[in-house]
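If you're matching them up, the sequences are chains A and B in order. When you line the first sequence up against our numbering, it's residues 13 to 619, in that order. When you line the second sequence up against our numbering, it's residues -19 to 420, in that order.
Just to be clear, a hint being listed does not mean it is correct.
[Unchecked claim] Derived SDA-like pairs: lysine to any residue, alpha-carbon spacing no greater than 25 Å straight-line: (1) A:Lys246 to A:Ala361; (2) B:Lys337 to A:Ala489; (3) B:Lys294 to A:Asn267; (4) B:Lys373 to A:Gly100; (5) B:Lys266 to A:Ala361; (6) B:Lys211 to A:Thr42; (7) B:Lys373 to A:Ser49; (8) B:Lys211 to B:Ala194; (9) A:Lys58 to A:Ala489; (10) A:Lys425 to B:His348; (11) A:Lys246 to A:Met299; (12) B:Lys337 to A:Ile200; (13) B:Lys291 to A:Leu308; (14) A:Lys32 to A:Gly460.
Hints were generated in silico from the structure; no laboratory data involved. Everything numeric in this text was worked out from a predicted model, so none of it was measured.
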Amino acid sequence: MSGVIPSPKQPSTIFNQPLKDPENTRAISTFRAIVQSCYGPAGKLKMIHNASGGHVTTTSMSQTLLRTMSVSNPVVKLITSAVLAHTGQFSDCGLFAAFLCSRLVESCLKLLVPQQVAAKINEELLLVSLDYLRSETCRCKASLDVGDANMMLALVRSTLGSKPALIVNSTELSSLSRLILQGFLKSIPDTTEGKLSLTTVEYVCVEGSTINNSQVMDGVLFETPKITEKYLSKVQPRKTLYQGGKETIKVALFNTSLSGDSVEFVDTAYEADVGVSGDVVVLQQLMQVAAQLVQLQVGVLACQKVVHPGVQKYLAENGVLTVDRLGSLHVGAVQRLTGATVVSTLHTAITEEYLGHLHHVSTVQIQHKNYLHLQSATADVTTLVLCSRNEASLLEMKEVCRTAHHVLCQALKTPLVLSGGGCTEPHLAAHIRTQVTIQEETLLAKLGCSRAQLYTTANNFASCLEQVAQALDHEGAHHVSDPVNHHHWLLPPWAATMDPAEAGVENCVCGMLTTHEIDTASCSPIGHLGNQSQPPSSPKGHENQHDNKKTCVSLENYLNKKRQKDVECGFSNVLLDSFPVKVNALVVAVETANMILTVNRTIFDRN
Amino acid sequence: AASISHTLCGILQGSFGPNALHNMISTATGQVLITSDGSTIIKSLHLSHPIGNLLVDAVQSHHAITGDGTKTFLLILREALQTICNICDKETTFSHVNSQMRKEQMQQVCIQMCQAFATILDHTLPEVILPNILKNATVTDFYDLPQVRQHCPCVVKTFLSGKFTPRVVDILTEIVCGVIFKTSKDGNDLASAVLQLIDDFELVWIEVPGKPVASSRIVEGVILQRDFAVKAENRDTVQDSIKFAVVETPLEPSKTETPSTLYVKNKEQFALVHSWKQHAVQMRIKELESEGVNLLLTSGHVSDMVLYLCKAAKISVVHHIPKEELQRLYKFFTVQSVSVSTWDVDTINVGQATFCKQITCGQNRYVHIGVKEGSGLGAVHGIVCGPNPGLCKLFTNAMHNALKVVRMWLDGPNSHHHPRTGINDRSLKGFSHNFVVMVR
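Pulled out of the complex, with its shape left as it was, chain A reads as follows (with noise of 0.2 Å):
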């Protein structure tokens, strides 16, 4: 007998660790160290290398760094882990998410408030800054005109703006964005029955080529290593007439091996008389549905599986061209493309409502590489061809489509923005302070702490809000909001000065306020503000605030404007962030924390 002898079993080692303890701390400000120098345009790349060799992963992602990541520490495992489920739905915002939760945990420990009230107090202040974004008068919220190609281009931008491991030029940035928003504006299905998948789009990777050759086309490309130019010369699919007149490839589409060693065969031993072959049985049945097809006038034969070479060369004789080991991938791709009925049997009589029609077939070279490049008239497939000098680049080329293509389908289903480049943040962290001050006796009673614990964490939850703005830069920049709108403002490491004017900034960071809006002259830097236990902005300040009213510039109506002056080159420096994934992202990131924040200590299972 062999077999495992199971060990008996371990008792768990119980360590009574605090979440105060410096093992966990640290555990969680290196996390966030990582996080926070990914985040952001000038974010910087992320290598990751098996210990036993192998390949090495350059990212900037949250999805591919955390995904990649091997995490011991309980704490940061349950971060990433509420990261990933985000990125699972969202695509986008997973650093944001990551750094707002490390950061919150990692600063409420060290302040003097018990874990659980500040846990408590945070949820609430989630629920204050939830309605405010969900509020109508919320200035850094704006409706998307989904119709509007510029402003769909300069949410795609700043999708993509932010993944520096792309290594693109502001051009071919812009061509990028221009192609994703090609790609996807195509793969809306013109009727209002179709669905929306991400599924539509399909991406084909060309690596040695540079980003600028990357380019969107209709209906689906593959790479057919025999199927070249001269054989497809040579192989002319047959074309029949549609009703109509219209010129029309019939496609007849296998999921079943069309090889002889179907499924569908019952598996058993088999004595035959003699002179009776169980091959030459099997391989008639398969040119009966060969003749099948050819009477049907069929063009072209896609097969999942393996197609038998004699049939092939029956097929080729009478016109009709044969694509098989297309793989399941690809047969989703071309089901779509051409409206063909997967067939799985061999034993049916196939009639003209199975097949599926294309336009037209052709070959492509991309690279010394050929490709077979199917059309359709009807269907909404499209293929984005993108090109890249390297692996690396390339890898993360796809999954940033993959991610702008979804922040766009999020954006037809919830058609609203949020000013990006950290701008929302500062402002939401202002109106934070401000709500609390305001509200200071209905939250007191609510929450039942003292008002120093209010403020305290209040000021803390808005102070790392401001912080995942100032993590965009790397460089050592100042970070400087104005007064009244509260956008953030990237002044140059060498400025002496706290004025966007004079330090020759012209714009915020989201490119909706100039210095001529503002009163630059106030301006402050982020952040030290923050460190003092009172709110910055007392409730004078607010009614200030309601005075300048006319000073107050909302996304909303500056888009609106923007829009009716210039058409070209409006939304060139906007950057724009979904408000659905942005908002997911903030509560995702603060729940998270004020779990973490309740717990006592840890115990390990060692079994």
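Use these hints to put chain B onto chain A, whose structure you have.
This is chain B only, laid out in the frame that chain A set:
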């Protein structure tokens, strides 16, 4: 024993009461759980000491019934044991006799104590303490539905409040109560509804990680946690009635049981053999079609060929459905699965659903089947959202326990309820009983 219970309490004490702190458990598989649930924590400890094991077993069985009160149990136990130790110490220091005598004396004391506890359990508790508690208790009339509706959230909320932040508690309470009241439609069979929910709790809660807690919601109807393998367009435009059949055996004829060899005489026979499988499936699908079935639910795998044939017959297929989900389905629809050998489809095998559509829960797509009105207990699912899988699990566990608490409350012999009385009472009983065992 005292020291062990002391250690256990040391671990649990922090998570006792409202404002509790949680314990984080890193499991053997590397998953991270956060919990303040005493039972879960104790379970994860894997104690090796025999008395520790005894304690854990006792606590576990107590928890399995009530779903709550683990920590109360242990804390009371600790106090009692501590007192006994103290008494014993005193006794031994004062009596100057040899060790043998001392030992006997110790045992004497223990037995006395034991009897004393038995008295408390048998007499004091029912005769003195209970009436006092009942004085403070509010009486809920279970035939008075509005009152039940009013009190139920309070009970659930009290249970949950120690575990999460206030807003999460509010959301979860709403969902638990919603699920309970939707399951029992007229309130008469509330108790059986809760029991039912506890039974299928794995299936009632659907966890969706990656979304804010606030987006948790209640969905009526049955949700199968699978997507359509094939979604056929409906035959008729009338959408309000969908007939479905459940099959628990593979649709394809399986290969013969005993290893056999087929003897083939000529080519025609060979071809016949090859097409036999397809032919058999076709026959079965025809049978289903004749009963007007548009939806086929199976627990097994359905091959591409069968899917294709079903699609051609305009039958949607959902496969790989877990057995438990099908069992639950039988309950709601009074359907039987199509029998294995005969393949006769009768009306009893065909269920009627009001609708059948795709539902998106987070990243997954599930099949959502509507149940006709007025058929016994309602089918309800609570969709629980949380930032990550571990937390979702935590929420569902808490809600499961909340259901148990509600059941205890409904079972209460006198239909009384004082916030948490019934449970304390039980734990006292359980504890004393356990104590008696231990000292001996």
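Evaluated hints:
{"no.": "1", "hint": "A:Lys246 to A:Ala361", "verdict": "violated, 29 Å"}
{"no.": "2", "hint": "B:Lys337 to A:Ala489", "verdict": "violated, 54 Å"}
{"no.": "3", "hint": "B:Lys294 to A:Asn267", "verdict": "holds, 19 Å"}
{"no.": "4", "hint": "B:Lys373 to A:Gly100", "verdict": "holds, 18 Å"}
{"no.": "5", "hint": "B:Lys266 to A:Ala361", "verdict": "holds, 16 Å"}
{"no.": "6", "hint": "B:Lys211 to A:Thr42", "verdict": "violated, 48 Å"}
{"no.": "7", "hint": "B:Lys373 to A:Ser49", "verdict": "violated, 32 Å"}
{"no.": "8", "hint": "B:Lys211 to B:Ala194", "verdict": "violated, 32 Å"}
{"no.": "9", "hint": "A:Lys58 to A:Ala489", "verdict": "holds, 22 Å"}
{"no.": "10", "hint": "A:Lys425 to B:His348", "verdict": "holds, 22 Å"}
{"no.": "11", "hint": "A:Lys246 to A:Met299", "verdict": "holds, 22 Å"}
{"no.": "12", "hint": "B:Lys337 to A:Ile200", "verdict": "holds, 22 Å"}
{"no.": "13", "hint": "B:Lys291 to A:Leu308", "verdict": "holds, 22 Å"}
{"no.": "14", "hint": "A:Lys32 to A:Gly460", "verdict": "holds, 24 Å"}
Checked against the numbered hints given earlier, the structure breaks hints 1, 2, 6, 7 and 8 and satisfies all the rest.
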